[in-house]
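If you're matching positions, the sequence shown starts at 654 in the working numbering and goes up one per residue.
Because the hints were derived from the structure by calculation, they are not lab data.
All C-beta atoms in this analysis are idealised placements derived from N, C-alpha and C, irrespective of residue type, glycine included.
Any given hint could be a false lead.
Said to hold, decoys possible - No more than 27 Å apart at the CA atoms, straight line, and that leaves these computed lysine-lysine pairs for DSSO-like: (1) Lys795 to Lys750; (2) Lys777 to Lys750; (3) Lys829 to Lys795; (4) Lys829 to Lys750; (5) Lys834 to Lys795; (6) Lys834 to Lys777.
As the list claims (entries may be wrong) - For each label pair, taking beta carbons as the anchor points, the in silico distance ranges come out as: (7) Gly753 to Ala686: 16 to 22 Å; (8) Gln798 to Gln732: 16 to 22 Å; (9) Thr767 to Val819: 19 to 25 Å; (10) Pro793 to Asp704: 49 to 55 Å; (11) Asp818 to Gln697: 18 to 24 Å; (12) Phe754 to Lys829: 16 to 22 Å; (13) Leu775 to Phe746: 20 to 26 Å.
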Amino acid sequence: MPITITPSQTTISCPLPDNLTPLSPNGFMLSIAKLPQVNFFCQQVDLPAVDLGNIEQATPLAIAMVPGEMLTFSELHVQFLVDSEMLNYTSVFNWMKGLGFPTDHQEYTDYIGTDKTHYSELAKSYSDGTLSILSGVNTPVKQVQFIDMYPVSIGSLTFASSNTDVQYLVGNATFKYTYYKFL
């Protein structure tokens with residue numbers, strides 16, 4: 654029911670939402686097709702910001718703001734526990750190395766050759782990913798699909814023998830993608 658204001662009296666009514674349960678940040682699962690080793694160990698993922706640009710429209714009296722035409726998606730940041738054999742960390746590293754071929758072009762060719770699921774060379778550089786947002790009883794309430802993801806950075810790992818208690822290593826990876834959509 655919308656807000657109603659009458660001249661004789663002021664009445665404000667707010668509609669009661671159907672769902673009064675707030676969303677918990679603890680329930681989620683991230684799945685990246687090219688990184689199955691990262692999925693289980695994922696500790697944190699940020700649903701990236703989306704910005705709609707604007708255009709300044711000059712008028713005789715003022716500058717009017719007009720909605721823009723393009724959405725800009727922020728980077729996807731993923732934090733994961735590094736497994737004891739570093740398989741998940743090296744899988745991100747190897748993907749980046751395959752795309753960047755730091756020592757020779759053969760590394761890129763070898764990396765592209767390992768993907769038998771795509772036909773085009775460009776498609777082999779990307780992977781789709783899905784963030785499943787879970788309810789309090791761990792059932793999916795919403796899924797967010799990231800289209801054409803690829804890693805752009807992986808954070809450093811600090812090894813220290815001076816730690817008095819065990820602090821497990823956490824990897825941080827950043828991904829670019831074309832866009833995301835809610836399923």
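The hints, checked one at a time:
Our distance criterion of 27 Å between C-alpha atoms is broken by Lys795 and Lys750, whose separation comes to about 33 Å. For the hint pairing Lys777 with Lys750, the CA-to-CA distance comes to about 14 Å; that is within 27 Å, so the pair holds. Between Lys829 and Lys795 the alpha-carbon distance is near 21 Å, which keeps this suggested pair within the 27 Å criterion. With a C-alpha separation of about 16 Å, the suggested pair Lys829 and Lys750 falls inside the 27 Å cut-off, and the hint holds.
Taking the CA atoms of Lys834 and Lys795, the gap is near 11 Å; set against the 27 Å cutoff, the hint holds. This hinted pair checks out: Lys834 and Lys777 have alpha carbons roughly 21 Å apart, not beyond 27 Å. Checked against the given bound of 16 to 22 Å, the beta carbons of Gly753 and Ala686, roughly 20 Å apart, stay inside it. A hinted range of 16 to 22 Å holds for the C-beta pair Gln798 and Gln732, which are about 20 Å apart.
A hinted range of 19 to 25 Å for the beta carbons of Thr767 and Val819 is inconsistent with their spacing of about 35 Å. For the pair Pro793 and Asp704, the beta carbons lie near 27 Å from each other, so the given range of 49 to 55 Å is not met. Under the hint 18 to 24 Å, the C-beta atoms of Asp818 and Gln697, about 21 Å apart, fit the expected range. Against the hinted window of 16 to 22 Å, the Cβ-Cβ separation of Phe754 and Lys829 comes to about 18 Å, which satisfies the hint.
Checked against the hint of 20 to 26 Å, the pair Leu775 and Phe746 passes, with Cβ atoms roughly 21 Å apart.
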